[in-house]
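A.B. asks: Sequence:
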Amino acid sequence: MPSMHFSPLVILMNAWCLIHGAAESIPEVVVTCREDALLPCNAPQDPQVTYTAISWYKVDGDVAEWSEMVWKDLEYDETYRSSKDLNGSLEVSNSTPYSSLRIKNTTSHSTGTYMCTLWAPDGKQNQSGTVTLKVTGCPKLLDEKIQKYRSEIVLLSFLGVFYLLLIFFTCVSIFPNVCTTHILIGI
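Letter by letter, the sequence shown follows residues -23 to -1, 1 to 164 of mature numbering (1 follows the signal peptide of the UniProt record, and there is no 0).
Check the hints yourself; a few may be wrong.
[Claimed, not checked] Below, computed lysine to any residue pairings styled on SDA-like, alpha-carbon distance capped at 20 Å:
1) K81 with I130
2) K125 with T88
3) K117 with I130
4) K81 with K125
5) K111 with V7
6) K111 with E52
7) K101 with V8
[To be verified] Pair ranges (Cβ atoms, derived):
8) P4 with L143: 54 to 64 Å
9) I130 with T56: 37 to 47 Å
10) S134 with N103: 45 to 55 Å
Simulated from the structure, these hints should not be mistaken for laboratory data. All residues carry an ideal CB built from backbone N, CA and C; glycine is no exception.
Could you build the full structure based on these sequences and the hints that come with them?
C.D. replies: Listed below in structure tokens is the structure:
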């Protein structure tokens, strides 16, 4: 008989975990290379709070390693950008109540996780949200190709040096007088 009472509890717990897990998932925006991306700030908002600023960060791995990218003062409608903002490609858009991040002319470097923070006045709680940007269809960069074939490049370099040394020592052992004379004369 205890299993009859236990089954509904297990079903309810599974349903709660499914709903809670879905609510915690990070939204993803997918764009094609060179398109503009509009990332919504999905931070929970208290309708009774007038937020003073919004900031957007690209999260590099761990949250502790982020670098600020764009800060918008909502009171004075002024935008501040960090030095990592290349060519003014980032702007805070006023398309939503608390502003989205517009990234112009996206590249593979734009791919990543972005965090927005709504800054509340003193005594109120700041709110943060996260969104992931995936840029598809970009050509591979030369750096990425070099990283991919790094071991092959190193191996071929060592083989080249080995064959040059092999040719040199073969020449020296077969023609000892000719090679030493040319080396001494500089020919």
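A.B. asks: The structure should be examined with respect to each hint, and the outcome stated for every one.
C.D. replies: A quick look at each hint next to the structure:
Pair hint K81 plus I130 does not hold up; C-alpha atoms about 35 Å apart against a cutoff of 20 Å. The hinted pair formed by K125 and T88 meets the criterion: a straight-line CA distance of about 19 Å does not exceed 20 Å. For the given pair, K117 sits about 18 Å from I130 by alpha-carbon distance, which is consistent with the 20 Å threshold. Between the alpha carbons of K81 and K125 the distance comes to roughly 28 Å, so the proposed pair goes past 20 Å and is violated.
Taken as a hint, the K111 and V7 pair is honoured in the structure, with Cα atoms around 5 Å apart against an allowance of 20 Å. Distance restraint check for K111 and E52: the Cα-Cα separation of roughly 32 Å exceeds the 20 Å cut-off, and the hinted pair is therefore not satisfied. Taken as a hint, the K101 and V8 pair is broken in the structure, with Cα atoms around 35 Å apart against an allowance of 20 Å. A C-beta distance of roughly 59 Å is found between P4 and L143, which places it inside the suggested range of 54 to 64 Å.
A hinted range of 37 to 47 Å for the beta carbons of I130 and T56 is consistent with their spacing of about 43 Å. Judged by the Cβ atoms, the range 45 to 55 Å given for S134 and N103 holds: they are separated by roughly 52 Å.
Hints 1, 4, 6 and 7 from the list above are not met by this structure, while the remaining hints are.
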